[in-house]
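Using the sequences and the hints given, assemble the complete structure.
Sequence lines, in order, name chains A and B. Per my numbering: the first sequence = residues 1 to 448. Per my numbering: the second sequence = residues 1001 to 1252.
Hints in this document: simulated from the structure, not taken from any laboratory. Just so we're clear, the structure is a prediction, and the values are computed from it rather than from any experiment. Some clues are possibly wrong.
[Stated by the list, open to error] Lysine-lysine pairs mimicking DSSO-like chemistry, simulated, CA-CA at most 27 Å apart:
#1 A:Lys203 x A:Lys252
#2 B:Lys1112 x A:Lys333
#3 A:Lys148 x A:Lys160
#4 A:Lys148 x A:Lys246
#5 A:Lys261 x B:Lys1043
#6 B:Lys1112 x A:Lys246
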Amino acid sequence: MPVAKAESLFADLVIMDADPSGDAVALEKLAIWALRLYSPIVATDPPDGLVLDIQGAAHLHGGEAGLISDVIARLADLGITAYAALADTWGAAHALARFSCQTTRIVEPGGQADALLKLPIAALRLPAEMTPDLLLLGLDTIGELAAKPRAPLTQSFGPKLFRRVDQAFGRLAEPIEPVESPALISVQRIFAEPIGAPETLEKYTRRLTDAICDRMEEAGLGSRRLDLHYTRVDNRIETIFVATAKPVRDPKRLGRLLCDKIETVDPGFGIDKMTLTAAFVEPLVPKQIGAQYSAPPRPDVEELWDTITNRYGRECLYRAVSVATDIPERAVKRASPTSTEVGSKRNAGYRRPQRIYRRPEPILTLAALPDHPPRAFTWRGQRYSVLCSDGPERVRGEWWRNDNEKGKVRDYFILEVDNGERFWAFRAGDGQHEGTGSLNWYLHGKFD
Amino acid sequence: MPPADAAVISDLRQRIEGIGGIAARTKTVLPFGVPGIDRRLPKGGLALGALHEVAGGANGAVDGAAAASFAAGIAARTGGKVLWCYTQADLFAPALAQSGLAEEQVVFFEAKDEASILGCFEEALRHGGLSAVVAELAGLSRVSSHRLQLAAETSGTMGLAVRRWRRHVDARDFGNPTAAFTRWRVTELNSAPLPVRGVGRARWQLELMRCRGGESADFEVEACDAQGFIALSSDLADRSAATEAWRHRAAS
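In structure tokens form, the structure reads like this:
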């Protein structure tokens, strides 16, 4: 359609020059975006499509339907109107996304044959000059084309015609050549003879680490996470990864962290390919080393934290930071070992027990109301008589957290018993009003 | 002892230490600041690059409260970062600050089992970036304690094993020998009565049960203060200010 005709049909038509190369670059960027979010295998389907192999990745986004609606919603946020279809084959998904007149379409496994029959042959990704010729022969839909005898048509149109049909129906495999994220630094080593001995694995792991550290140094980057894939001869991939708290590119340190995990790798009949990838990188500038006039400084503890968290898990290593609350159960929160958070000093002046019981343990007491400490108590079948005591320290429920704590009170006492042990006990309630607690006594901790 | 003999004996001591492979790191010590205790320890304090064992007496063998406090006081005075490993999650972190171990100084490691505690303990001792590592353990075999001791020697980091058991009967294990430099037992005592209502500063019966190159001894001490120092307790209950005077006399 000429521009003049289009302008006459729409009053406020915006006219831009076509920019195919710019579109291709933008499509490539979109493919990398999808690669990071949805699936490890993503390719561009020029001029206007993306193809994602979501085998084994759909459950991460709430199943197939969840993934499709997520893709559409996120693209809409970016200002892109998109149509999506999900089918067993690339050909079928390509055709249905463009010609099924629905925003999203999911075809059951094996159902692509029925879904494709009614669609026009333009959906088949055929070369542009082939479609008008087929239309001239009176072949409008894929169903009609598929029903024709193959030999005469192949003779006049070449083998590509029915290859596309077979690919769409899933009779022929069609590999996807995935895009690679350009920012990813990756090194690889292929072995002529498969390797399997732990010492050999360790040797080549260190060599790959050296290589990737050189590459990162050129780029001025340090890795936060390294992924190492061992491809076995039976095509299974064994993966190990190490994460660090700060960007690192010391080959010795990274090599040690990786070699720590080699024992979890099952080499099977042998490993013929190793790929080491820096999955997360951050800028790392070279640091000036200090002059060695004084005593050598202690080694960096962050290295130790990395070793421990990579071996035993991230959540087991923490710093305890005091919280501004009176309730002992909530007095501490966990922070990462490298954090510099400063805790609250609210209760720093009060004596606190070394040990605290996860659940306060009920005790039988002999105590005068309203606010006297017990004279004796029985705990775990043993009777203790109290020599001296300190308290009460009143702790009120945090009514802004939940309704059950509203108006509730605990009175804490330090009790020293006849054999010298010191306990932290409390009475639920203020001793006068039933609404403030059950008036039962509990042990909550043990002093040094 | 004539001075000539003393010189010979000290020379012999040094040669024995050389044969035993005790590295130069263990030569630096951390004194308690209490002359009565430091005098009993070789070189006048706890060796820095070494493993030390602490356990609670009586019920303390199970709860380990006083032992943890004693270890925290020592770890705090080493001055650097401290790693604290445990399996039973009943340690109340704010209380460590009362024994001198500041919140910023300590990092906790919560382990699923004792094997990972031993692994982490050794790794941390060997690394050398920390000034002390505290681990709450039940079992400590001779072999593993030897590994820990060697790791501590190479780096100069102090290792403190706080022994605590799930049941009282298991505490018999504390009689078995290990490669630790010293072995302590801390038992709670009644605090000195105050002239007013209240509970005074905690007091402990501190037993030095085993000491390499020294003899065992008993002390009655007051618990760690906010700088991690213990003090010899005053026998005169109503005159707690006299502690200082007693300390000076003991030192002279």
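Hints not upheld, ascending by number:
4 and 5
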